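Sequence order for the protein chains is G and D.
For what it's worth, this note's numbering labels the leading residue of the first sequence as 499, then goes sequentially.
For what it's worth, this note's numbering labels the leading residue of the second sequence as 4, then goes sequentially.
If you're looking for bench data, these hints aren't it; they were derived computationally from the structure.
Just so it is clear, the structure is predicted and the values come from calculations on it, not from any experiment.
Any given hint could be a false lead.
Chain D is faced by these chain G residues, among others (derived, beta-carbon under 10 Å) [claimed, not checked]:
#, residue
1, His557
2, Thr597
3, Gly652
One-sided excerpt, in silico: chain D residues whose CB lies under 7 Å from chain G [what the hints assert, rightly or not]:
#, residue
4, Leu139
5, Gly142
6, Met271
7, Ser278
In this text, a Cβ means the ideal position worked out from N, Cα and C, and glycines have one as well.
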Amino acid sequence: MYSMIPQLIVNSLITSAVLAIIGIGLTMCFDILKFGNFAHTELAVLGAYLVFFFNVQLHWNLAIAIALAALLTGLFAMLVDRLVFIKMRGVVDVIPMITSLGLSIAMRNGIRAIWGSDIRVYDVQLSSGVQFLSAHFTYSQIWILGIVTVSMVGFHLLLKKTKLGKAMRATSDNRDLAEASSIDTERVTLYVWFIGGSFAALGGAMIGWDTQIDPMMGFMIVIPVFCVVLLGGIGNIYGVIIGAIILGFVQNFGIFIDFGKLINLGGLLDIVDRLLIPVDYKPVIPFVILVVILLFKPSGILGKE
Amino acid sequence: MQILSFINYWVTITAIYSIFALSLNFQYGHGGLINFGQVFFLCFGAYTVAITAQLGVNFAVSIILAMAVSGFVGFLISYTARNMGGTYWGIATLAVGEIVRIFFLNENWAAGGANGISFDVKIPYFEIVTLALAALSFGFTRAVMASPFGRVIKTIREGDNLPLSLGKDVFSFKKKTMAIGGVIGGLAGALFAYQKQFINPEDFMPIETFIVWAMVVVGGKGRDMGTLGGAIIIQIFYVGTRFAKDFLPIDSNMLAALRMIVIGLLIMFVMMYRSKGFFPEKSRLYKVS
Numbered sequence: 499m500y501s502m503i504p505q506l507i508v509n510s511l512i513t514s515a516v517l518a519i520i521g522i523g524l525t526m527c528f529d530i531l532k533f534g535n536f537a538h539t540e541l542a543v544l545g546a547y548l549v550f551f552f553n554v555q556l557h558w559n560l561a562i563a564i565a566l567a568a569l570l571t572g573l574f575a576m577l578v579d580r581l582v583f584i585k586m587r588g589v590v591d592v593i594p595m596i597t598s599l600g601l602s603i604a605m606r607n608g609i610r611a612i613w614g615s616d617i618r619v620y621d622v623q624l625s626s627g628v629q630f631l632s633a634h635f636t637y638s639q640i641w642i643l644g645i646v647t648v649s650m651v652g653f654h655l656l657l658k659k660t661k662l663g664k665a666m667r668a669t670s671d672n673r674d675l676a677e678a679s680s681i682d683t684e685r686v687t688l689y690v691w692f693i694g695g696s697f698a699a700l701g702g703a704m705i706g707w708d709t710q711i712d713p714m715m716g717f718m719i720v721i722p723v724f725c726v727v728l729l730g731g732i733g734n735i736y737g738v739i740i741g742a743i744i745l746g747f748v749q750n751f752g753i754f755i756d757f758g759k760l761i762n763l764g765g766l767l768d769i770v771d772r773l774l775i776p777v778d779y780k781p782v783i784p785f786v787i788l789v790v791i792l793l794f795k796p797s798g799i800l801g802k803e
Numbered sequence: 004m005q006i007l008s009f010i011n012y013w014v015t016i017t018a019i020y021s022i023f024a025l026s027l028n029f030q031y032g033h034g035g036l037i038n039f040g041q042v043f044f045l046c047f048g049a050y051t052v053a054i055t056a057q058l059g060v061n062f063a064v065s066i067i068l069a070m071a072v073s074g075f076v077g078f079l080i081s082y083t084a085r086n087m088g089g090t091y092w093g094i095a096t097l098a099v100g101e102i103v104r105i106f107f108l109n110e111n112w113a114a115g116g117a118n119g120i121s122f123d124v125k126i127p128y129f130e131i132v133t134l135a136l137a138a139l140s141f142g143f144t145r146a147v148m149a150s151p152f153g154r155v156i157k158t159i160r161e162g163d164n165l166p167l168s169l170g171k172d173v174f175s176f177k178k179k180t181m182a183i184g185g186v187i188g189g190l191a192g193a194l195f196a197y198q199k200q201f202i203n204p205e206d207f208m209p210i211e212t213f214i215v216w217a218m219v220v221v222g223g224k225g226r227d228m229g230t231l232g233g234a235i236i237i238q239i240f241y242v243g244t245r246f247a248k249d250f251l252p253i254d255s256n257m258l259a260a261l262r263m264i265v266i267g268l269l270i271m272f273v274m275m276y277r278s279k280g281f282f283p284e285k286s287r288l289y290k291v292s
């Protein structure tokens, strides 16, 4: 049992990294445009399939494929904003939200129409990876953690050190005030879509690199990603990272914890036998956390900075 | 003959989905409750029927039970609406819908798990009964909306402050709205089960919720006639394309994908250019004497 802990930590970190990098775009969009974009995780799927297209169908190098997919998905996200969501600035949030629902259905099935419903894998060499304590890292997992960390640090620097970052923070803080200070909030919004889209594509590519991809995976992760965003508090970039770590660990450790021991106070009582969350219910964990947060603390654990 | 059975199928499925759409329109269009987990009503209604019908319960009793169970579920879920407003609640209900489906998928003792559950109780004159019940649901929602209760929930839709200032217990009205929506949705679920005679958790994917949302927003939220129009438009398209594979050289997977692309784009275009739907709600003027 205890020998599994290092491996569980590795798995949790990978889950957290993917959720965090996808969640960043959602939280920024939610914050600046004031609606929950259901199509955000479909951008991750689009990115994942573009990597598949370049890497497997065109036999390009994986690194080039991922970079190009991130770029194209970012541009696609900007295009979507220009064509669709620009018409909905300042209307009640339910209208853009339902629109994004329609967009997610169209995108998911567009991907299905182009690449089929089958499960796909990237052209990566299987390697033995490295052993650390009793945990096993594949090389791709090390790359995944590295890329996510670098992207996060880069994004942090962008926010804190550049003029664009300052404009983004100002727009998120108060759009009207930012406009009054002659910040072009529409341009900032476009950058937000670009960064959010390419980060989502990176996240999708990480899923494909680590495991496999299929057209339905966007829907499988939409609620976990919303959960991460709401845990961290909408608009809080660092909250997303913390929320992702919490959810990643809870999801992976949750099914290994013997709640029977907890109820019996570690052996003092003898009320119940072993009590584990069944493996089949692993996907339900983020759903339950989401409902509980929304019920008791809709501003998230950290709230907005 | 094939044409006749096709029309027969189309009419009943449209009637069932019209009831389902009326239920969503009641909650969202009239009551302003953004329920993205609508499919759980279909799910509870259908499972109640399947389980009771297997035990040999009479069809009328099982339908009433289905409506009661589903209404009770709506009532319970409405408790989460106390602390949450608008779109947050929508996200939460989407999660609840999935929790319900995964429960039925994994709990074999409850209703057969992934293998589903079948039964052979039939409703005599099913098509006529379904149409009659659809008409009844339509009349019922119209009657409710014409009552003082209906006027209060329409006020709540536009924001909590005005009804609160008039001394209305907003939360209690929201609970009733969800319960009534649940009863109507449960009826749709019951008929859905009787039409298929077999249900499994795959029937209750979130996509069912999105299709019924498409019906309500395309038709026009807050207008029952519009909702019926939306249900008819979406069903013509949805069922029609299912038979198109006999005439077109496209494989069924591709066709299913294309069909959903069109539905997704339709939702987007309606929201972008006609956010009130094709049959928009008429605003009523009340004469003050």
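Item to check | Violating hint indices (sorted, rising) | outcome: Hints 1, 3, 4 and 5 contradicted; others consistent.
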